[in-house]
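Here is how the chains run, residue by residue.
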Amino acid sequence: MQRRELMKLAAASGGAALAGPALAACSSGGSSDGTLLLWTHTAGNDAELGVTDQIIEAFNAGQDAYTAERESFPQDAYNDTVNAAALSGDLPDLLTVDGPNVPNWAWAGHLRPLDVPSETTDKFLPTTLGVFQDQLYSVGHWEAACSIFARESVLEAAQVRIPTMDEPWSREEFDEALERIAADTGHRWAIDLSTADIGEWYPYAFSPFLQSFGGDLLDRTTYLSAEGALNGPEALAWGQWFQRLFAEGLANPESPIGAEEFLQGDAAMTYMGNWGALQAMEQFDDVLFLPPPDLGTGPRIGGGSWQWAPTSAADAEGANAWMETALADEFVAEFANRTGLIPATEAAAELTEHYGPDGDLRMMMDYSRAYAVLRPETPAYAVIASVFTQYAGDIIHGGDVQQTLDAAVAEIDADIEANAGYGF
Amino acid sequence: MTAATMKPRTAARRWWIYAPMTLLAVFFLFPIVFMVTASLKTDHQIFADMDSLRAFLPVGEIGLANYAAVFERVPFWRFLANSVFVTACVTAFGLVVNSMCGYALARMRWKGRAVVFGFIIATLILPFDTTIVPMVYLVANLPWIGFEGLRPVLEIGWLNTYHVQIIPFIVNAFAIFLFAQYFSSLPKGLEEAAAMDGAGWLRTYWRIIVPLSKPVFATVTILTVVTSPATWNAYLWPLMTVQSEELRPVMVGVQYFFQLDTDWGEVMAYISMITIPMVAVFIAFQRAFIRSIAGAGMKD
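These protein sequence lines map, in sequence, to chains A and B.
Going by this note's numbering, the residue at position 64 of the first sequence is 64; the numbering climbs one at a time, nothing skipped.
Going by this note's numbering, the residue at position 89 of the second sequence is 89; the numbering climbs one at a time, nothing skipped.
Hints should not be assumed to be uniformly reliable.
Just the calculated beta-carbon pair ranges, DEER-fashion [what the hints assert, rightly or not]:
#	chain 1	residue 1	chain 2	residue 2	range
1	A	F424	B	A280	31 to 39 Å
2	B	E61	A	D184	48 to 56 Å
3	A	D115	B	F28	36 to 44 Å
4	B	E61	A	G421	53 to 61 Å
5	B	A69	A	E227	44 to 52 Å
6	B	A280	A	A316	29 to 37 Å
7	B	F30	A	E248	31 to 39 Å
8	B	G60	A	D366	52 to 60 Å
9	B	A280	A	A420	21 to 29 Å
10	B	S244	A	E156	39 to 47 Å
11	A	E227	B	G60	47 to 55 Å
12	B	T10	A	G265	52 to 60 Å
No lab work stands behind these hints, which were simulated from the structure alone.
Ideal placement from N, C-alpha and C gives every residue a C-beta, glycine not left out.
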């Protein structure tokens with residue numbers, strides 16, 4: 001009897017053991033000789049995956065030495081996956097990397113320098129090139145740019161001047177515009193800053209305001225300290241100005257991500273990336289994409305987005321060959337057409353619907369060229385981004401600005417010191 | 001006091017008990033009701049209804065488009081099959097291994113038993129997140145016997161497999177603790193009678209202890225399925241150890257919906273779909289689960 005029971009148990013275990021390989025039989029497996037394995041952060045994003053598949057198809061059809069295959073991962077979990085793969089020695093040949101993370105991954109040994117002819121990369125927007133300590137590691141097909149989304153009818157109703165690149169709003173004008181809009185247009189909020197988006201959004205979107213005031217996330221002359229840059233008088237002025245937006249009810253400290261307040265009509269304007277532009281144009285027929293305000297040292301927006309890079313585990317020749325295929329203008333244009341993002345080359349822009357010389361989003365390219373500032377190109381950026389997000393949140397919710405900035409500087413400097421300056 | 005005077009008093013007392021219980025039940029149901037109703041709405045409708053009770057009602061612009069979109073964005077059936085398979089294996093093997101371990105600790109007398117039990121309980125103090133990095137490194141270097149055709153071959157590394165999602169989570173300290181606690185409350189006379197009839201430890205466990213312990217098996221089943229970091233809610237571990245989309249579980253699929261423009265209706269449709277199996281498991285085991293929880297801590 002007992003033996004029969006054990007046999008039943010063994011049979012059940014065996015069934016499970018057989019079912020595993022049966023399910024696994026459908027999986028693709030890892031890379032092998034002649035296979036170039038590519039990882040992207042775009043799982044669930046058909047638009048970007050579609051273009052990546054087109055590149056893979058063109059590459060595989062254009063030569064016989066390599067076969068490219070892709071594996072896609074969800075974006076929010078992507079960096080953890082790559083770091084785990086690096087730990088276990090399981091990196092693919094090529095992967096996508098967010099621009100500000102390039103120095104960290106290069107410093108950590110995840111990436112290898114890119115070796116493609118300079119005539120291939122020279123035509124790309126500077127902010128789409130991932131450079132660390134004078135070495136090129138990655139290139140992006142597209143760039144993103146933030147601007148102020150507003151409705152012409154709303155600005156006219158509040159008698160607010162429409163700014164241009166030649167004459168952007170000054171700080172005083174911008175503050176007055178917000179107050180007038182809040183008072184005159186019946187919107188619950190004057191501007192929507194999507195504060196619930198606590199990922200990379202905070203440093204990407206809000207640190208350019210700090211830079212426009214004259215502060216920064218780090219002292220870029222040495223890359224060894226944030227002292228003075230993030231807690232000096234300019235940074236203090238930024239923090240007080242930023243806090244006032246929320247304290248005086250001009251912006252919602254808990255606004256949902258994706259400019260929803262603006263799209264719902266609860267906010268009169270929003271500070272948003274161009275990936276939201278097509279949706280805003282569908283929603284409102286009089287939407288304007290305005291340059292950011294000049295808060296002291298000129299308008300600034302964040303620069304640097306997702307790029308392709310060969311890893312340290314790559315077959316170098318194959319990876320470089322794939323990059324040369326991938327960086328053709330037709331694919332750069334295709335990304336822009338499918339996603340609404342800014343094409344990285346001028347030639348590609350002319351092939352697109354929105355970014356050609358007369359395109360309705362052409363101004364985004366101009367903003368990117370004129371105002372984009374890269375986040376500090378240092379391996380410390382991963383910590384800087386996390387610290388800035390935390391302490392900017394404290395400022396939004398009423399924390400003492402000077403104390404908050406001092407605490408942020410102390411954390412950033414401690415991390416840089418603990419890592420012996422990250423090679424600087 | 002007559003029956004006539006008692007009745008209204010009993011009814012009133014019941015009302016006082018049931019009214020707050022109903023309120024609490026409604027309160028706890030709100031997130032689920034919101035999830036299901038939002039899954040039927042467009043994003044515009046979801047945010048338009050957010051400030052009122054309409055958020056919990058299927059009103060306005062509604063339809064099943066979000067459910068259709070789920071199948072376009074993720075390989076839903078594949079993820080579901082993976083989660084069912086991994087959850088079933090971890091739970092089934094876990095029930096056998098952990099109950100046997102609990103039995104050995106609760107009912108058998110051997111040297112060092114208390115130390116081993118203490119050591120197992122001590123592992124509960126360590127959060128899973130703190131051990132995950134060394135665990136990834138460990139499983140990346142463990143050997144495994146694979147097959148090339150019918151020929152067995154030695155492979156190094158468990159990454160990107162089903163067994164990396166199953167084997168490390170079969171042994172569960174909390175399950176062992178629950179089994180040991182429950183088994184220690186059973187009368188000793190049962191085992192003594194079985195021993196007199198010539199039954200060994202294994203037969204006593206299988207024929208006497210297991211049939212008497214259905215509530216604790218139900219509790220451990222529910223807790224394993226719902227709370228283990230490797231079963232239905234598995235997220236961080238498969239994220240770090242599984243690269244192939246074909247091997248991913250349902251929770252990793254949630255992240256597929258968070259793009260630059262997140263479609264919240266699709267998110268709600270997906271999580272509604274992956275919540276249904278959990279609700280079914282709970283309903284199937286709830287009677288035994290409640291009995292076991294209610295009896296926890298009671299000893300003869």
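Against the structure, the hints:
1. At roughly 57 Å, the beta-carbon separation of A/F424 and B/A280 lies outside the given 31 to 39 Å, and the hint is violated.
2. Between B/E61 and A/D184, the C-beta spacing of about 31 Å breaks the proposed range 48 to 56 Å.
3. The supplied range of 36 to 44 Å is broken by A/D115 and B/F28, whose beta-carbon atoms lie about 59 Å from each other.
4. In this structure, B/E61 and A/G421 meet the distance hint of 53 to 61 Å, their C-beta atoms being roughly 56 Å apart.
5. Taking 44 to 52 Å as the suggested C-beta distance range, the pair B/A69 and A/E227 conforms, at roughly 49 Å.
6. Against the hinted window of 29 to 37 Å, the Cβ-Cβ separation of B/A280 and A/A316 comes to about 52 Å, which falls outside the hint.
7. A hinted range of 31 to 39 Å for the beta carbons of B/F30 and A/E248 is consistent with their spacing of about 33 Å.
8. At about 40 Å, the beta-carbon gap between B/G60 and A/D366 misses the expected band of 52 to 60 Å.
9. For B/A280 paired with A/A420, a C-beta distance near 55 Å fails the hint of 21 to 29 Å.
10. A hinted range of 39 to 47 Å for the beta carbons of B/S244 and A/E156 is inconsistent with their spacing of about 55 Å.
11. The given range of 47 to 55 Å is respected by A/E227 and B/G60, whose C-beta atoms sit roughly 54 Å from each other.
12. At roughly 54 Å, the beta carbons of B/T10 and A/G265 sit within the given window of 52 to 60 Å.
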